[in-house]
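**Q** Residue-level listing of the chains:
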Amino acid sequence: MLIKLFMFDILEKGIARGEHQGADYVELRAEEMNLTMIGYSDGRVDNCNARVRVGTACRVLYNGAWGFACGRIEDTESLVLNACSLAKAVSEHRKEKIVLQEIDPCEDDVKKKFKRSPQDVSFEEKISRLDNLCTLIQNYDQRIKAVSLKYTDSHGFKYLLTNEGTKITQEIGDVYNYCWVTGKENDVLTAARDGVGSSEKGYEYFEEETEEKIAERIGRRVILQLEGKNPKSGSFPCVLGPRVVGTLAHEALGHLAEADLTMNSSFSGKLGKKVASDIITMVDAPIEGTFGGAKYDDEGVKMQQVDIIKEGIFSGMLTDREYAYRTGVPVCGAARAESFLFSTLIRMRNTFFEKGDYTDDELFEGIDFGYYCADYRGGQAQLNSSFQIGIQEAFEIQNGEVGAPIKDLSISGIATETLLLIEGAGKKVGFEEGYCGKGQRAAVSTGGPHLRIKKGGILFGGRE
Amino acid sequence: MRELCEYAVSVGEKKGADEIEAMWIRETSSVVEAELGEICRASMSRSEGIRIRVIKEKAISSIFTYLLTKEGIRTAVESALAAAKASKKDEYWDSLPFPGTYVTVDRWDPFMKDIDPEILTDPVTELISLLHEDIAVHLAANEVDLLERSCVNSNGLAHEDAETLQAFGLSAVGKLKEGVTPAFQKIFFSRKYNPEPQKAAHSITEDINRFKKKGTALSGKAPVIFSPVALQLLLRFTLFKALSGENVARGKSLLAGKEGEQVASSLFTLHDDGTLPAGPGSKEMDDEGVPCQDTPLIEEGVLQGFMWNDYWAKRMGVSSTGNAQYNDRNDEMTTEQTTMVITPGDYTREELFNIKEGYYMLNLQGAHGSNPESGDFSVACAPAYRIENGEIAGGVVGIMLSDNVFSLLQKIDAVGSESEVTEIAVLPPVRFTEVNVNAM
Chain W
1 MLIKLFMFDI LEKGIARGEH QGADYVELRA EEMNLTMIGY SDGRVDNCNA RVRVGTACRV
61 LYNGAWGFAC GRIEDTESLV LNACSLAKAV SEHRKEKIVL QEIDPCEDDV KKKFKRSPQD
121 VSFEEKISRL DNLCTLIQNY DQRIKAVSLK YTDSHGFKYL LTNEGTKITQ EIGDVYNYCW
181 VTGKENDVLT AARDGVGSSE KGYEYFEEET EEKIAERIGR RVILQLEGKN PKSGSFPCVL
241 GPRVVGTLAH EALGHLAEAD LTMNSSFSGK LGKKVASDII TMVDAPIEGT FGGAKYDDEG
301 VKMQQVDIIK EGIFSGMLTD REYAYRTGVP VCGAARAESF LFSTLIRMRN TFFEKGDYTD
361 DELFEGIDFG YYCADYRGGQ AQLNSSFQIG IQEAFEIQNG EVGAPIKDLS ISGIATETLL
421 LIEGAGKKVG FEEGYCGKGQ RAAVSTGGPH LRIKKGGILF GGRE
Chain C
1 MRELCEYAVS VGEKKGADEI EAMWIRETSS VVEAELGEIC RASMSRSEGI RIRVIKEKAI
61 SSIFTYLLTK EGIRTAVESA LAAAKASKKD EYWDSLPFPG TYVTVDRWDP FMKDIDPEIL
121 TDPVTELISL LHEDIAVHLA ANEVDLLERS CVNSNGLAHE DAETLQAFGL SAVGKLKEGV
181 TPAFQKIFFS RKYNPEPQKA AHSITEDINR FKKKGTALSG KAPVIFSPVA LQLLLRFTLF
241 KALSGENVAR GKSLLAGKEG EQVASSLFTL HDDGTLPAGP GSKEMDDEGV PCQDTPLIEE
301 GVLQGFMWND YWAKRMGVSS TGNAQYNDRN DEMTTEQTTM VITPGDYTRE ELFNIKEGYY
361 MLNLQGAHGS NPESGDFSVA CAPAYRIENG EIAGGVVGIM LSDNVFSLLQ KIDAVGSESE
421 VTEIAVLPPV RFTEVNVNAM
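Which chain is which? The protein sequence lines are W and C, in order.
To convert, note that position 133 of the first sequence is 133 in the numbering used here; the numbers rise steadily by one, no gaps.
To convert, note that position 197 of the second sequence is 197 in the numbering used here; the numbers rise steadily by one, no gaps.
If we strip away everything but chain C, and leave its shape as in the complex, we get (with noise of 0.2 angstroms):
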């Protein structure tokens, strides 16, 4: 599909763009589904479109279509020049990105290309049969999806990638006496096709188990081990958003200007990392087409540096981490992370959870709801479990943390050893000594 983003940019430059730029997605995903311990769904969705960035005289702006023919190409770009033209002058704006040079990540597998919805509905259905019947699944699913871009600008800068991922797993809850658990959620991610639904069954039911027994929860300062999966929530909406350069330009960042400074316990170490192969968010370009990268961000404890869209790295005098993506949502380029990459300690388990008396979250409610800016968070914690004497004690519900992100960090004692892929980040569980728990 390069020759349609060339023909954009032809078209662009020929209207009296200054610059332009074209990115062509084609997203398919393919979904087997069950509802209720039942096969209920098979779906197939299918989004191509083109999005075309114009700049004319410093000002921005973008228009994405549907309508892939050249007539439909030749309205958008018309259409996008005429909003640039009503838009304002950015002193600031510099330039589209200039070519790079990419590192070639194996992120495609043929397999899932076209795959029968038989072969996926296997999995799942073996998934839940393994289930005991005190295991109510609200939902189950394996998903692959396959993304495929062209980005091509009046810079030079031409390139494509295309990748794949299948996402396995469910959501369930355990049936008590009186109601049920929180929902407990399982779910893996690959590059490769490879679902596990033996390990998905068995790891659901070891946790929902677990849970059963009830723990109590006190009120005060403990320590709290996070799983994975709560601990890059936690980390999504509050550090992540720290590093983004574009906070840090305008202001919005507390880390602003501590490159150098321990920031973190001297056991934490964090990188953004675009080529990892497993890594979820991996990619060989960003949504403008810069190369994606591994960027140190936290190394030991010490602050190294910020993740950077194009725009705001020359606006700044640094250059861009590959950072760009566009949230098709809300039609926005911002700066986000790619894969995060905590590296693992040299925790096991039964190290990892070796306290007198502690939680571990398995899963937050409201993260989403953190303060970016303070850092400051809020949070459920659901499900969690009670540590005492270095076992899982049994489930507690109405269990809140309330804290800081940017001190907590300066409190991880211990960090797992094995880590997992979760939606956004390659991670480990990590210890904290002191976290400010509340309950009812």
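The following block holds chain W by itself, in its conformation from the complex (with noise of 0.2 angstroms):
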């Protein structure tokens, strides 16, 4: 990383290009990182893959505008000329001038606490890891058919650097690990993931989240879809799991809590008012140990915790500066860009109910019918609140217990309905990683209680 010694130089030369092209705010954004892939197949290692990416993405506000250029870091200059012009040739086309919020500019050098930097593991430790764990998943039943297995790690350092003072430098990382797996019963064929990761800890974090844990999970997951029955089609009280919860937190309002989706949507409005159960509060916030946190956003201001739904009241959004300064919302440090090849955009770190007073019997009692959600497969928020959630493991609940299991549903809702519907939380609140794509790629967490929601709140996509 020779040029980490000189990048400042490099960053300030451009923040006085462009000032002096008249820009009311600079901001230079440079990465270098070191990424790797490792793409395994049924005990092949399909590809070994680096990439070193290492570029500027500048952003200027003139006269109102945004301009945005990137490209190599030897070419800053030229992309802050390049911005600016691109500001000026829309800037005419605005009534509405965009104004940030202020925020008071900050130096600061922020590194990572890493035991085993990925970059430090060599690919033979790598790739015996997942000979490890693609023999322990092809073991834990005759009928597993296929395994997919991807390692992905990044280590690196982003650099910021604006006209208003704030020059950072952060340290940044992740590791994950992802399953794809198909199991086979006579004619009946079919597939589960499964997908961890960190990016507070580095490679030590398989040490935690071990071979044998992995494939128990998704061994069982792949079974449990094979000896499942079709669900039934309808509305039906349920208990949806943790990874549920948080993908319904994420979907269900989380989405429609970033303030640019949250003007052109169903809770347009509603901040202040009553938008679920009182029973319910809902966090964005960047928990330590977590997917998707980290000290300080891609525009320098420091991560903070939003209370999004307070004791059932709609009580915060995700904000930029600039949507900070549009809707009177404070800043968050909630504009993330996947690369310096974007610009940042208002990203979810990890969102979250909190935990309620329910024990695990209460949460199923009562439930003559119903189904018990335990792990999904995606989702998908649309602006009217409409939310999916694919389901990969789910169980049939009779007469109060968990029953038997369901093969591949999904469920749906319309937030504005179903989230006046909860009735219950649990006591523990479990956490899932994964990755985001409103346009760009986001690591985020999401995470929540058992929660038990009344008929009427959620639409299960049955064949029967």
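The hints are simulated quantities; they were obtained by calculation from the structure and are not laboratory data.
Some hints here could point you the wrong way.
Unchecked claim - Reference listing, derived: stretches of chain W covered by chain C, where coverage requires no fewer than 3 residues with Cβ under 8 angstroms from a Cβ of chain C: (1) 28 to 40; (2) 46 to 52; (3) 58 to 68; (4) 255 to 264; (5) 383 to 390; (6) 409 to 422.
Every residue, glycine too, gets a C-beta built ideally from N, C-alpha and C.
Assemble the dimeric complex from its two separately framed chains, guided by the hints.
**A** Set out below in structure tokens:
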């Protein structure tokens, strides 16, 4: 990382160039990242890939409009000129000028606390771990027919310099393991997924998230899919497990609490109003040890907790500096970019429901027939608050007891109605790590306790 | 940039690689965007790098670097070789691709190169001005993308191609007394610069206005018409995966071994056509330099074959169909469609909608969570409409479809006569006789 020594010299010249052009705000975000991906299937290494990602993103605000350009670090000054001319070209078309919420500029150098940087672990060791994981999954059950694994890691530095005086270096990185496993019995073919990772821990993460744990989890899911029955169609009382509840938090209201989406959504104008059951508190926060957190966002704002729902009341939105000024809601450090190739967007970090006071027995008590959804496979939100969550592990609830497994299904609802029908929250909170794809990819965590939802809150996409 | 690729290959050969491939890629994107009804941003991004794939004693590795100096490339080749040495031998490895014959397709519009942001801005401004105030624009954009590539490998393969693609459109909601409609999207893809703000404004206004009248959704089996966008989404995460040769070879496709069998209605014909000029996924070569081609997959309902990349084709004793796709985000070589083309049928829009009761699905939520192995899907539909007596009766909310794509393909009874260009396909709307509908 020789460039690191000269990075701010290069960026400072770019800032001067932008100010000379008359830009009101000049932001330069550079990065030097080493990334690894190992693709692995059925005992074979598909590919060992390394990527060296180096570049600069330049964003300027000129006469109330944004200009953005990205490219090579050595071209920083020309990128600034380019961004300025782009902003000038479109600024004449704006009636209302974009204004940024003021912040206190800060200088910081944030270090990672990896015990083992993934870059210090050899390809041999990483492949050996995948060999072991593949063998354990294949041996879980003879009905397992295909195992696809993917290991990724990243480690490097992001640099941020603005003409307001913000000067931050952040060491960043993560490790992630993904499995897609296929099972077959007679003519029935099915599959399940598993994804785990950490942006707080380095390769040592896999000392706690062992191959045995992953194999047990994914193997079980595949076999439950093979043995499951088709779900019924309609609305039923249900209990959602923490992994599904996290996705509910992310899809049902999380996206619509991103201020750029809120303003054209069903939650527009509802700040301060009741949107959920009184027992519900939902937050987005950079919790230590989970995916999606960092000390600063990509505008140099310190990441802070946002209480999106507080005891049923819509209380907060996620903002960047532009939308904080526009809405009058405080900045919270939610402006994130996938890499130097992208401008920032308002993104969730770790979104979860707070715990409640229901025991496990109370959550299931009194449900004559319903479903328990334990694990998810993807989800998607709509601006009218329609949400969908794919479910890959579910069970019937019969007379208050968890019963037979259910095949693939998905659940949906209208968040403005569903959130009001949550009637119980469990005492323990669990988290799930993954990636969100709102135009760009962002590492996020989601979570919560078990939640019990009344009939009418969730529609089950069944076939019977 | 062929010289850089040739340099990388020569370095690899000197350093002891058994085989080496270098693919230079430059992606340039210019876009003007509007949010909340106003132009807000103009952007230009350029990503230029070289991907080097190395084989040493049947072990494969690759590296992607943005450092395009000779020193940067030398270092990258050395790193890739070290990774290959650390990797595992693949007994099935045969070789990198050999030179082929390319179909020249006109996919380049010189007007899009170095386009002025002012030119990109005007159609967006016009589009917004054409919309009534009860329609709120979440995002409108005019984007032009340039992709330039050069591929050289140690087997004598050397080829370059270049393409332009424009995406123009918007995402908007209709304002209701209580809340908003779901987001409607209208995006037009074109190889030649041709923004059509009036067409986009007219189309989305019509869709939103039709939705504002409330329709009723009922659970049960019903005829369903999929718009081109909805059908593309559904098939992308189910049928198209089952047509991947890799998935067939690995026992992950229910279509394996069914060549020559009737797997869909006789009204259904599907090709993967990488040579179609208008196709957004069409290219001269795939991501390992193999010529793209027109591959029949399903003809009048009968399965003809599968899509292959070079590795899995050689392993299974067939030829690559030019479907290697390097997933830049995940850094993996996969087998994916180029441009999927469903042959249009005879049905006019009026004829297609001529059913007593049913639904028209404009877009889907959650298709990516489908199970590609089993073909089972369970998706929410938004926006969606109720059809009664051949007319759109109104918009419906809280509606889902849960069914199996392989059984559904047998239930096609009408294929529209007009195709649309979507993100990965060129296809018409299609009607299915009986789909399992879930309603709250």
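**Q** Compare the structure with each hint and give your call.
**A** Structure-based check of each hint:
Counting residues of the region 28 to 40 of chain W whose CB lies closer than 8 angstroms to any CB of chain C gives 3, which reaches the minimum of 3, so the coverage claim holds. Judged by the Cβ-Cβ criterion of 8 angstroms, the region 46 to 52 of chain W is covered by chain C as claimed, because 7 of its residues qualify and three suffice. Coverage of a stretch by a chain is defined here by at least three residues with a beta carbon nearer than 8 angstroms to that chain's beta carbons; for the region 58 to 68 of chain W and chain C the count is 4, and the condition holds. Taking a C-beta to C-beta cut-off of 8 angstroms, the region 255 to 264 of chain W contributes 4 residues in contact with chain C, enough for the three needed, and the coverage statement holds.
Here the region 383 to 390 of chain W counts 8 residues with a CB under 8 angstroms from a CB of chain C, which clears the bar of 3, and the coverage holds. Counting residues of the region 409 to 422 of chain W whose CB lies closer than 8 angstroms to any CB of chain C gives 6, which reaches the minimum of 3, so the coverage claim holds.
Of the numbered hints stated above, none is contradicted by the structure.
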